Amino acid sequence: MKSIALTVNGEAVRGTVEPRTSLADFLREDLLLTGAHLGCEQGVCGACTVMIDGAPARSCIALAVACDGTEIRTIEGFDDDPRMAQLRAAFTKEHALQCGYCTPGMLISSHDIVSRLPDADEARVREELSGNLCRCTGYVGIVRAVRSCLGETVPEVEKAPAFKVERDMPAPAPAAPPAAMPSGAPELLQSFTVAHRTDAVWAVFQDIEAVATCMPGVSLTAKPTDGHVEGQVAIKLGPIAAAFAGTAQVTLDDTQRSGVISGQGRDSGSGSSVRGEVTFTVVPFGAETRVDVTVAYALTGALGQFARGGIVNDLASRLTADFSANLQARLEGRAVETTEIAGGSLFFNALWSVIRRLFGRG
Amino acid sequence: MKPVAFDYERPASLEDAIALLSGAGARVLAGGQSLGPMLNLRLAQPELLVDITYIPELKTAERQGDGLWLGACVTHAEIEDGAVPDVTNGALAFVAGGIAYRAVRNRGTVGGSLAHADPAADWVTCLSALGADAVIAGPSGERRVPVSEFLSGAFETALEVGEILRGVWIPTLSSAASWGYYKFCRKAGDFAEAIGAVLQDPERGIVRTVLGATNARPIVIDGAYGDESVRASIDSQGGDMDAYDRQVHFVTAKRAAMIAGVRVA
Numbered sequence: 001m002k003s004i005a006l007t008v009n010g011e012a013v014r015g016t017v018e019p020r021t022s023l024a025d026f027l028r029e030d031l032l033l034t035g036a037h038l039g040c041e042q043g044v045c046g047a048c049t050v051m052i053d054g055a056p057a058r059s060c061i062a063l064a065v066a067c068d069g070t071e072i073r074t075i076e077g078f079d080d081d082p083r084m085a086q087l088r089a090a091f092t093k094e095h096a097l098q099c100g101y102c103t104p105g106m107l108i109s110s111h112d113i114v115s116r117l118p119d120a121d122e123a124r125v126r127e128e129l130s131g132n133l134c135r136c137t138g139y140v141g142i143v144r145a146v147r148s149c150l151g152e153t154v155p156e157v158e159k160a161p162a163f164k165v166e167r168d169m170p171a172p173a174p175a176a177p178p179a180a181m182p183s184g185a186p187e188l189l190q191s192f193t194v195a196h197r198t199d200a201v202w203a204v205f206q207d208i209e210a211v212a213t214c215m216p217g218v219s220l221t222a223k224p225t226d227g228h229v230e231g232q233v234a235i236k237l238g239p240i241a242a243a244f245a246g247t248a249q250v251t252l253d254d255t256q257r258s259g260v261i262s263g264q265g266r267d268s269g270s271g272s273s274v275r276g277e278v279t280f281t282v283v284p285f286g287a288e289t290r291v292d293v294t295v296a297y298a299l300t301g302a303l304g305q306f307a308r309g310g311i312v313n314d315l316a317s318r319l320t321a322d323f324s325a326n327l328q329a330r331l332e333g334r335a336v337e338t339t340e341i342a343g344g345s346l347f348f349n350a351l352w353s354v355i356r357r358l359f360g361r362g
Numbered sequence: 363m364k365p366v367a368f369d370y371e372r373p374a375s376l377e378d379a380i381a382l383l384s385g386a387g388a389r390v391l392a393g394g395q396s397l398g399p400m401l402n403l404r405l406a407q408p409e410l411l412v413d414i415t416y417i418p419e420l421k422t423a424e425r426q427g428d429g430l431w432l433g434a435c436v437t438h439a440e441i442e443d444g445a446v447p448d449v450t451n452g453a454l455a456f457v458a459g460g461i462a463y464r465a466v467r468n469r470g471t472v473g474g475s476l477a478h479a480d481p482a483a484d485w486v487t488c489l490s491a492l493g494a495d496a497v498i499a500g501p502s503g504e505r506r507v508p509v510s511e512f513l514s515g516a517f518e519t520a521l522e523v524g525e526i527l528r529g530v531w532i533p534t535l536s537s538a539a540s541w542g543y544y545k546f547c548r549k550a551g552d553f554a555e556a557i558g559a560v561l562q563d564p565e566r567g568i569v570r571t572v573l574g575a576t577n578a579r580p581i582v583i584d585g586a587y588g589d590e591s592v593r594a595s596i597d598s599q600g601g602d603m604d605a606y607d608r609q610v611h612f613v614t615a616k617r618a619a620m621i622a623g624v625r626v627a
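In order, the protein sequences belong to chains A and B.
Taken in order, the first sequence gives residues 1 to 362; the numbers are from the numbering used here.
Taken in order, the second sequence gives residues 363 to 627; the numbers are from the numbering used here.
Calculated from the structure, these hints are not laboratory results.
Keep in mind that this is a model prediction, so the values were computed, not measured.
In this text, a Cβ means the ideal position worked out from N, Cα and C, and glycines have one as well.
Heads up, none of these hints are tricks.
Computed Cβ-Cβ distance ranges for the label pairs, DEER-style:
(1) G427(B) / S268(A): 45 to 55 angstroms
(2) Y416(B) / Q232(A): 31 to 41 angstroms
(3) V260(A) / D604(B): 22 to 32 angstroms
(4) H95(A) / S591(B): 50 to 60 angstroms
(5) F456(B) / R197(A): 51 to 61 angstroms
Please model the complete structure; the sequences and the hints are all you need to start from.
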């Protein structure tokens, strides 16, 4: 626990917080200032916007402990503020709110726009408001309200009546179970060549434990029996760390030199789940061997929030290269190098691939 | 969701920060506008956060030699508002104003963004085009890496364990220099799908085209702009981009060149 001292709405406040406590939770739970709303808790929706040292900021991704010594102003601290009174009146006049959930954040961002950019045109107002999401109004009324306050001299206004909201908070809904892999799930194709004969490469693929050793980050927790595998895939990528524990079923076709791995795993840390199917084929490629891998996966949970674009492709190629190098090393009797980032090529490729398809441009 | 429990330290000097970072599980907090969401989603589970935003020297911005020193903890909003000297004919302020949203720019820092190493973020592309250096401090002293080589992959950088990105050094553009920066994203404030940045500085003999929001580090093309060389660079360095990605990157680069007033015919 850490002791903090800060100014909130003009009053000196002391508190003791866990370092992980967000400013929003400190304001809402400890100080009972519930005007700042929590929407997404990941800095996207803007409902939690408050002023930190006079500038709007997301209180959901600011740590309370990091705000030690700062001056905070929440929507409650604007009751007597003439500019905010003007904005409140404009919001009422222009029907700039419906359910009101986004309104505290909207008002604080609007206050900043009106103070900082008195000459803003409509396009600029819309751009500046783009960090505050409203799902009711369609923004037309909000933009109109903000524009009506631009360039105005701030009038003297009567103090608005204070009011208090009391209600019981419902218990949070239980987390939804991981979704099944959708039929026709998107596929990722990867190929690599190994400078060894097809027989030798196929022999490695028949040995589940050997394949697992070639996937850095993968550890088996039980001896494979009848193709049933239990284990864990550890992933580290920059600040992201995840460990998917799960099971898989491996089916091999000796005549086609192909196989299917069907599995599912869950990272209890982030509450993310992944399930999917990996198909691989080992084919002669001149004097060498080519391995074709097709992956179809579905990912649910927090990891899905973080990916766009070609990050996945870059990772996929790096990780496939690691796996192929390890496979080659094993075939030559050298020690297999393990690197923490390459979280099991097949699992990891797939996981990122699905993130990309869901949230990216692929 | 709430973050896992971690410890928090607010060192007063760079030396103290480097010492704190020697332990496993320690991460730098330099504004937290990217790390914050990852903490809340428990994708990042550090044991210790070292908040470097209260180290005075990391908040400095000043002309230094033939360029500008920008401490790692200078915020995007400070750059947007012109609170730092302008050595880039307005390029830094323009790019800063297009990062995410004002509430994020007020706390997000140039060093935090670079070290987070998201290929779609703005500074890595912009600063690569400007020819900036990343200045890195660590237990064994200071070293410099061109920003264009700072990313080793998505979310991975040249920083070793215990090292901190102290800031960046940006060379001063000549008064005749022109630049173009074009970012393509679906929604204001969103991460870019593609970024083009072009610098033309005839007095220093520089024409440089940079393609950002790629799969890893940006693609840097030195020399006169040419459609064919841009397409060839995308093909050879763009990794596993599909036809759409290639075209969007090509178009953003060309638009940046046109904005910079570079001959594109």
